[in-house]
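Peer 1: Heads up, the sequence shown stops at 408 in the working numbering, and the numbers go up one at a time, no gaps.
In case anyone wonders, no lab produced these hints; they're calculated from the structure. All of these numbers come straight from a predicted model, not from anything done at the bench. Treat each hint with caution, since some may be false.
[Unchecked claim] With a cut-off of at most 20 angstroms between alpha-carbon atoms, the simulated SDA-like pairs for lysine to any residue come out as follows: (1) 371 with 111; (2) 371 with 182; (3) 371 with 388; (4) 2 with 190; (5) 371 with 333; (6) 283 with 371; (7) 314 with 298; (8) 283 with 38; (9) 268 with 405; (10) 366 with 30; (11) 240 with 50; (12) 59 with 371; (13) 2 with 137; (14) 314 with 289; (15) 240 with 387.
[Claimed, not checked] Cβ-Cβ distance ranges computed for the label pairs, FRET-style: (16) 111 with 212: 39 to 49 angstroms; (17) 335 with 310: 26 to 36 angstroms; (18) 81 with 285: 45 to 55 angstroms; (19) 237 with 387: 25 to 35 angstroms; (20) 385 with 59: 18 to 28 angstroms; (21) 6 with 120: 20 to 30 angstroms; (22) 111 with 375: 16 to 26 angstroms; (23) 194 with 238: 39 to 49 angstroms; (24) 303 with 120: 15 to 25 angstroms; (25) 212 with 96: 20 to 30 angstroms; (26) 272 with 79: 19 to 29 angstroms; (27) 194 with 239: 51 to 61 angstroms; (28) 289 with 181: 20 to 30 angstroms.
Yeah, the Cβ is synthetic: ideal placement off N, Cα and C, and Gly gets one too.
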Amino acid sequence: MKSDVQVAVIGGGIVGVSILYWLAKLGWTDTVLFERRELTSGSTWHAAGNTTYFGPYRKMTALFAGSIRTYLQAERESGQSVGFHQTGSLRLAATERELELFHAYAPRYATLGIPFHIRSPEDVAALHPFIDVSAIYGAAHTPTDGHVDPTGATNAMAQAARQLGASIERHCPIGAIKRDGRSWVLETPNGQVTARHVVVATSFWAREMLAPLGLNLPIYPTQHHEIVTESLPEIAALDKELPSIRDSWVSCNVRQEQDGLLIGIYEKRPEFWALDGIPPNFKEELLPPNLEPLMPHLERLMERMPLFADAGIKVVNNGPFAMTPDGLPLIGPMPNMEGLWLATGFNVGIGTGGGSAEILANWMTKGQSPKGLDAIRADRFGNDLDQEAALASIREVYARGYQLPDEI
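Work the whole structure out from these sequences, hints included.
Peer 2: What follows is the structure, encoded as structure tokens:
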């Protein structure tokens, strides 16, 4: 194991591995990534893998686009499949205002060169025959996105990064993180490691990890349910995969999973997990499911997609993921802590991880902060936000689900 490196990345989920990959692509290969267990062990392994191009915030759209580009690029370089399904996505317009916003978003996609179409209800019915379009006003359609295999994408980037000279240490948890002059010293089971730069990409572990440095990061684990149905003969009979859908009225996302459906729900009263501290032995685990708060959403989904009413439930996954008070990640350097960088607080790590890593790696290697991305800066909350206020904001953001902001 290297004991003196330019960069130490902590966390082997899709975000941390994306950062290692992009640093190597930009020429910083004196790097090592530390993962306490196996790659993807945090929340990446149970993620749905959705990679949409649709983003309501102007600058965030580039992070979505950069993520898909990153994963496909790593696939070509490594030979490791990322399992990309180009199904396209439909963002349903449940109100006239949503349809107006979709039209307002269109110019940014033209600038980015991303196919983006406004579809009528009749078009939606042709693209997705199982949606009842009687109560929608149309949809935004991004036909070239879809979903990836999170494990495949992570391993492709890991392999590509190794090929460029980066290192990965699995089963190597980081203990204390200390400042020593202009460097950082990390305690590991295999001895100390000195690094000029440290990137903390440890999702909901970041808060506890950095508290000894006097940092108060408002990142808390929120429970999030995903439901996988049994196979449905109507889906099995199709000759192509259904586009993913996102619906603010139901507050859910739905995509095809083999011959069934995978549904992610954003309920109105989210539950937190491990607020008193993450269990030290927590690993690749799920939490006990609680379907009762989901029922109003599932009943709405039966109206929107009557096929779902006949579906048997095969699996209910309830896994923790990280949330911040505004639902956006913390990316960038920490003030007065030269060489300490954050890439954490992602609740859509697959969707934005690759693009965020490209942004951060350019920031680190070129020394210039990106323009127009103040919304995701690591220091935007200051250091004095108390837990009660942070949790109240997270509840509100989570409960909004797929509701769109009025600003564009």
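Peer 1: Hint by hint, say whether it matches the structure.
Peer 2: Okay, the hints, checked on the actual structure:
| no. | hint | result |
| --- | --- | --- |
| 1 | 371 with 111 | 17 angstroms, holds |
| 2 | 371 with 182 | 27 angstroms, violated |
| 3 | 371 with 388 | 32 angstroms, violated |
| 4 | 2 with 190 | 10 angstroms, holds |
| 5 | 371 with 333 | 15 angstroms, holds |
| 6 | 283 with 371 | 37 angstroms, violated |
| 7 | 314 with 298 | 15 angstroms, holds |
| 8 | 283 with 38 | 9 angstroms, holds |
| 9 | 268 with 405 | 17 angstroms, holds |
| 10 | 366 with 30 | 16 angstroms, holds |
| 11 | 240 with 50 | 18 angstroms, holds |
| 12 | 59 with 371 | 9 angstroms, holds |
| 13 | 2 with 137 | 57 angstroms, violated |
| 14 | 314 with 289 | 13 angstroms, holds |
| 15 | 240 with 387 | 47 angstroms, violated |
| 16 | 111 with 212: 39 to 49 angstroms | 44 angstroms, holds |
| 17 | 335 with 310: 26 to 36 angstroms | 55 angstroms, violated |
| 18 | 81 with 285: 45 to 55 angstroms | 27 angstroms, violated |
| 19 | 237 with 387: 25 to 35 angstroms | 51 angstroms, violated |
| 20 | 385 with 59: 18 to 28 angstroms | 23 angstroms, holds |
| 21 | 6 with 120: 20 to 30 angstroms | 53 angstroms, violated |
| 22 | 111 with 375: 16 to 26 angstroms | 19 angstroms, holds |
| 23 | 194 with 238: 39 to 49 angstroms | 56 angstroms, violated |
| 24 | 303 with 120: 15 to 25 angstroms | 20 angstroms, holds |
| 25 | 212 with 96: 20 to 30 angstroms | 51 angstroms, violated |
| 26 | 272 with 79: 19 to 29 angstroms | 41 angstroms, violated |
| 27 | 194 with 239: 51 to 61 angstroms | 57 angstroms, holds |
| 28 | 289 with 181: 20 to 30 angstroms | 49 angstroms, violated |
Hint check: violations occur at hints 2, 3, 6, 13, 15, 17, 18, 19, 21, 23, 25, 26 and 28; the rest are consistent with the structure.
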